[in-house]
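Peer 1: Residue numbers (my numbering), protein chains in the order written: chain H, 3 to 290; chain F, 3 to 290; chain R, 3 to 290; chain Y, 3 to 290.
Hints in this document: simulated from the structure, not taken from any laboratory.
Treat each hint with caution, since some may be false.
Stated by the list, open to error - Quick look at which bits of chain Y chain H covers, simulated, 3 or more residues with Cβ under 8 Å: (1) 12-22; (2) 200-212; (3) 235-244; (4) 280-290.
Quick caveat: nothing in here was measured; it's all calculated off a predicted structure.
The beta-carbon is built from N, C-alpha and C at its ideal position, and this holds for glycine as well.
Protein chains: 4
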Amino acid sequence: MDASSPNEAVILLHCPDQPGIVARVANCLDKIGGNILDAVQHTDFESGTFLQRLHVSWPQHDSDEQVVRDAFTALKRDLNLNWRLQWSHTPRRVAIFVSREDHCLHDLLLLRRDGDLHCKISLIISNHADLEDVAKRFGVPYHHVPMEFPGDPDGEAEQLTLLKEHNIDLVVLARYMQVLSARFIAAYESRIINIHHSFLPAFAGGSPYRQAHEKGVKLIGATAHFATAALDDGPIIEQGVTRVSHRDSVHDMVRKGRDIERTVLARAVRWYLQDRVIVHKGRAVVFE
Amino acid sequence: MDASSPNEAVILLHCPDQPGIVARVANCLDKIGGNILDAVQHTDFESGTFLQRLHVSWPQHDSDEQVVRDAFTALKRDLNLNWRLQWSHTPRRVAIFVSREDHCLHDLLLLRRDGDLHCKISLIISNHADLEDVAKRFGVPYHHVPMEFPGDPDGEAEQLTLLKEHNIDLVVLARYMQVLSARFIAAYESRIINIHHSFLPAFAGGSPYRQAHEKGVKLIGATAHFATAALDDGPIIEQGVTRVSHRDSVHDMVRKGRDIERTVLARAVRWYLQDRVIVHKGRAVVFE
Amino acid sequence: MDASSPNEAVILLHCPDQPGIVARVANCLDKIGGNILDAVQHTDFESGTFLQRLHVSWPQHDSDEQVVRDAFTALKRDLNLNWRLQWSHTPRRVAIFVSREDHCLHDLLLLRRDGDLHCKISLIISNHADLEDVAKRFGVPYHHVPMEFPGDPDGEAEQLTLLKEHNIDLVVLARYMQVLSARFIAAYESRIINIHHSFLPAFAGGSPYRQAHEKGVKLIGATAHFATAALDDGPIIEQGVTRVSHRDSVHDMVRKGRDIERTVLARAVRWYLQDRVIVHKGRAVVFE
Amino acid sequence: MDASSPNEAVILLHCPDQPGIVARVANCLDKIGGNILDAVQHTDFESGTFLQRLHVSWPQHDSDEQVVRDAFTALKRDLNLNWRLQWSHTPRRVAIFVSREDHCLHDLLLLRRDGDLHCKISLIISNHADLEDVAKRFGVPYHHVPMEFPGDPDGEAEQLTLLKEHNIDLVVLARYMQVLSARFIAAYESRIINIHHSFLPAFAGGSPYRQAHEKGVKLIGATAHFATAALDDGPIIEQGVTRVSHRDSVHDMVRKGRDIERTVLARAVRWYLQDRVIVHKGRAVVFE
Numbered sequence: 003m004d005a006s007s008p009n010e011a012v013i014l015l016h017c018p019d020q021p022g023i024v025a026r027v028a029n030c031l032d033k034i035g036g037n038i039l040d041a042v043q044h045t046d047f048e049s050g051t052f053l054q055r056l057h058v059s060w061p062q063h064d065s066d067e068q069v070v071r072d073a074f075t076a077l078k079r080d081l082n083l084n085w086r087l088q089w090s091h092t093p094r095r096v097a098i099f100v101s102r103e104d105h106c107l108h109d110l111l112l113l114r115r116d117g118d119l120h121c122k123i124s125l126i127i128s129n130h131a132d133l134e135d136v137a138k139r140f141g142v143p144y145h146h147v148p149m150e151f152p153g154d155p156d157g158e159a160e161q162l163t164l165l166k167e168h169n170i171d172l173v174v175l176a177r178y179m180q181v182l183s184a185r186f187i188a189a190y191e192s193r194i195i196n197i198h199h200s201f202l203p204a205f206a207g208g209s210p211y212r213q214a215h216e217k218g219v220k221l222i223g224a225t226a227h228f229a230t231a232a233l234d235d236g237p238i239i240e241q242g243v244t245r246v247s248h249r250d251s252v253h254d255m256v257r258k259g260r261d262i263e264r265t266v267l268a269r270a271v272r273w274y275l276q277d278r279v280i281v282h283k284g285r286a287v288v289f290e
Numbered sequence: 003m004d005a006s007s008p009n010e011a012v013i014l015l016h017c018p019d020q021p022g023i024v025a026r027v028a029n030c031l032d033k034i035g036g037n038i039l040d041a042v043q044h045t046d047f048e049s050g051t052f053l054q055r056l057h058v059s060w061p062q063h064d065s066d067e068q069v070v071r072d073a074f075t076a077l078k079r080d081l082n083l084n085w086r087l088q089w090s091h092t093p094r095r096v097a098i099f100v101s102r103e104d105h106c107l108h109d110l111l112l113l114r115r116d117g118d119l120h121c122k123i124s125l126i127i128s129n130h131a132d133l134e135d136v137a138k139r140f141g142v143p144y145h146h147v148p149m150e151f152p153g154d155p156d157g158e159a160e161q162l163t164l165l166k167e168h169n170i171d172l173v174v175l176a177r178y179m180q181v182l183s184a185r186f187i188a189a190y191e192s193r194i195i196n197i198h199h200s201f202l203p204a205f206a207g208g209s210p211y212r213q214a215h216e217k218g219v220k221l222i223g224a225t226a227h228f229a230t231a232a233l234d235d236g237p238i239i240e241q242g243v244t245r246v247s248h249r250d251s252v253h254d255m256v257r258k259g260r261d262i263e264r265t266v267l268a269r270a271v272r273w274y275l276q277d278r279v280i281v282h283k284g285r286a287v288v289f290e
Numbered sequence: 003m004d005a006s007s008p009n010e011a012v013i014l015l016h017c018p019d020q021p022g023i024v025a026r027v028a029n030c031l032d033k034i035g036g037n038i039l040d041a042v043q044h045t046d047f048e049s050g051t052f053l054q055r056l057h058v059s060w061p062q063h064d065s066d067e068q069v070v071r072d073a074f075t076a077l078k079r080d081l082n083l084n085w086r087l088q089w090s091h092t093p094r095r096v097a098i099f100v101s102r103e104d105h106c107l108h109d110l111l112l113l114r115r116d117g118d119l120h121c122k123i124s125l126i127i128s129n130h131a132d133l134e135d136v137a138k139r140f141g142v143p144y145h146h147v148p149m150e151f152p153g154d155p156d157g158e159a160e161q162l163t164l165l166k167e168h169n170i171d172l173v174v175l176a177r178y179m180q181v182l183s184a185r186f187i188a189a190y191e192s193r194i195i196n197i198h199h200s201f202l203p204a205f206a207g208g209s210p211y212r213q214a215h216e217k218g219v220k221l222i223g224a225t226a227h228f229a230t231a232a233l234d235d236g237p238i239i240e241q242g243v244t245r246v247s248h249r250d251s252v253h254d255m256v257r258k259g260r261d262i263e264r265t266v267l268a269r270a271v272r273w274y275l276q277d278r279v280i281v282h283k284g285r286a287v288v289f290e
Numbered sequence: 003m004d005a006s007s008p009n010e011a012v013i014l015l016h017c018p019d020q021p022g023i024v025a026r027v028a029n030c031l032d033k034i035g036g037n038i039l040d041a042v043q044h045t046d047f048e049s050g051t052f053l054q055r056l057h058v059s060w061p062q063h064d065s066d067e068q069v070v071r072d073a074f075t076a077l078k079r080d081l082n083l084n085w086r087l088q089w090s091h092t093p094r095r096v097a098i099f100v101s102r103e104d105h106c107l108h109d110l111l112l113l114r115r116d117g118d119l120h121c122k123i124s125l126i127i128s129n130h131a132d133l134e135d136v137a138k139r140f141g142v143p144y145h146h147v148p149m150e151f152p153g154d155p156d157g158e159a160e161q162l163t164l165l166k167e168h169n170i171d172l173v174v175l176a177r178y179m180q181v182l183s184a185r186f187i188a189a190y191e192s193r194i195i196n197i198h199h200s201f202l203p204a205f206a207g208g209s210p211y212r213q214a215h216e217k218g219v220k221l222i223g224a225t226a227h228f229a230t231a232a233l234d235d236g237p238i239i240e241q242g243v244t245r246v247s248h249r250d251s252v253h254d255m256v257r258k259g260r261d262i263e264r265t266v267l268a269r270a271v272r273w274y275l276q277d278r279v280i281v282h283k284g285r286a287v288v289f290e
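Given only the sequences and the hints, what does the whole structure look like? Please build it.
Peer 2: Structure follows, in structure tokens:
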């Protein structure tokens, strides 16, 4: 269920585990008129951490941002709490990076058009001019930013300027075939979602379908993950696979892989936009 | 995670939806020293019902059954609450019904032996003598209760006597090929789990693989559901499918189906024993 | 592998089973210079029928249609053979029928554009005007043929005229929400592929996701099948499923179902266009 | 379909690709009275290799081994053919290697008992005494061969003696937790099937579920492959996956993984015993 009514918000929190957290958080919300529509939690016993997602509404009156912030600031002190609040009336602003392949881009644009992604797709950035007409059809600004080489500082500076101008909250690499610099990634830490066309950690790096074909695997996959400075190694949000056989050429794998890539990326982006994802100790906890 | 420590319990509850339930239940538990290890909930908006599963521990002292009962009785009054509590130190007592096929039986016995089903398998009842040696190997009493015809009152009376003698909490029909009478099912309402060898509601009744073969479906399945008076029509707990083609004979489907049947049944039984299943409005809510 | 080189063809045949068919067919092709690139066969023991798909090339010279026809006519007599030949240099002409939902349409158009469907999409016919702009973007003629009621003879007459004018070989019902008359279906027997948004035979007819939600199934599916006079009951070409839970509303099921629908339909259409599908005794044999 | 009638055989062959092979092989069989029940082939265009599996019967008279051998020896010369023939009346002799976990062992023994594996399970060899009673129940000789360290030459010598005494055709490593020496593997090249509890090439080596948990993957898998001198790197026969989440501990993954391991291993062993597997250029072609 999308959190889209005016008086609703999703709160994501984590803190050191101790008895009574659920009751204290529930009470805190109850006192300020918040009703818990949905709550899901996880305790990571290895690190002794409590993590929770709360979908909250203020049914009887308009929620007052400051009241909520004050209440959670007190809680933060007592429980050593990390928390984040996202109102449903302010959809996030998303930038999509693409290169030449458009299957993931099409999927995200259609989902957004059908109301199945709670966000505003503010702009599309590409290192190629090819997909400008796709952007046009859906009325999204398209910026062609050529990259002379991976991490080209001029190109990245232009990209970062665009992201700032549009107040971008989330960058989606929808088969963007350029490695980003560590500096770029640091600027949007845990806010860049990439789709890699293999079942990571198998076949990281280039030409994963060729690698898969050479290895003779019987399933190929795709992995949506947060981009980190280490290539194809960030926290995994979602994965999927499909069956292949000796009859499938690399080209067949590329074709079959497209269905998995777009589905896996769309799920990861939807979950992020629904505030279902927390990165904790290098892994993504996904409250599906 | 299995609820198996001495001071732990799972509480399943449902009540008419209203603001503040989560906070009130959490407070109620907090006051009597209960710590919520895990909580998951669902609101059925169609019927206006709130449903919740709580995994609770009493870390600082032994939990006192009566204290918990008193606290929830008060809550029950205020919230019009249905609730059920299951202590983890009292594993449920299970009876398995079989006929001649033993793949599901073997799976359940091995899972129990490996500590992956939190229960005591108290007895095995069959309308045939064939599987007595399997029962023996695992040290479970085996009762051969012949049935002259489906719902044979003499046979069922003997079965019901056995179930009562062993204080059975859950009956698992692990490919038991006899239709039970409405009277029998009523005696164990929502406590009889059956595995049907098709993807229900397709191919209810007899010979589902033959039906599937004749229809030419490309996937066959299995369905674990609560038995109700209407044949193969009770609340569905879990389903699975596997791929078939024109090359598969009915015999091949039977063989492929076994893997799905045992896996689906084992999941359904595990979830039930972990108190993850609530029947509501004729459907099973499963808090996986 | 698509059969797309100039001197290649796919031959689909079936005949009463008897020893020696494979050798005789192989010899027949060898004598006229045909090289078997791929052969796959199936024997239906119930009906005593041999079925085969042959992918043949004529490497040393241009294949002569008449020579092939003569050779197979002789074989037809001896073996009581049904056979069909499709040259790869003449892609089939396809008409897509749609209503208002465009996810399947988009998928087919993108696959065609990327060279992953071996056909010409000659026209799109709809009972609504909504999707005209999609058709335009891909340069495919769009015909809005309003239907006053299901099977409206005026509308169907117009549709049939269009199909004849364009020499259509295959009609794809890509979420076309109108029941076709038996007369229409008879005119394109085994040449109309429909996508039904359920795992048939479960939930035939209208609102299958609503039916699935009410039943509380744990998997939803889609079925691509040949349209026959009996609604949602023709030979099944392909099926797929995806997982759902009590948390999924009917709307969520519709959204999740789209991914399955388009993938299942695209596979069925591709296999048909690769001549991998034979309808035999009311079932579709699919040589994937 | 199992090749189990007295006059039936499966022929696996591969040779440099050239026009006319299918016809020549079919003719060769036709001349010696062989009827092709099923034929499936594959052309590896990269290496220019033709591979084929033929299921043949001699319906009118007993097949004469020498006649077949003579016919194929002539063909071998002409086509530079590698070929192998397996009569269905001589089931292969299989040795199963185990350590302490018995889920794969149980599965193979039950499948054999039910007639779903066409082989004789001649003996079970283990580096532990634990599973002797399982072997006894199924009437299979059990040999406890302790290994002081991986590749212990004394232990391996004893194992190899046992394999020779029993004329073993296939060794199945059913969760045998000892690395075999290169010498041992060379003695049974392409005749040792191992089940590795990860989706290879991810997580080769020890503790794959722990590795998977640390990486935070969303799917875990199992891989059946031929053992080669390089650890966990031989030709892959079959793979499967199942879904996991942050809620799954390493222990949960181990439990969920068992279902995949036994299913994947059973499929690989069945396909091998049905002569559906050819190792070619380091990859396994599987004619499912």
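Peer 1: All hints are to be evaluated individually against the structure, with a verdict given for each.
Peer 2: Status of each hint after checking the structure:
1. 12-22: With 0 residues close enough to chain H, the hint is violated.
2. 200-212: That given contact holds, which follows from 5 residues of the segment 200-212 of chain Y lying within Cβ reach (below 8 Å) of chain H.
3. 235-244: holds (count 7)
4. 280-290: Check passed, 6 qualifying residues.
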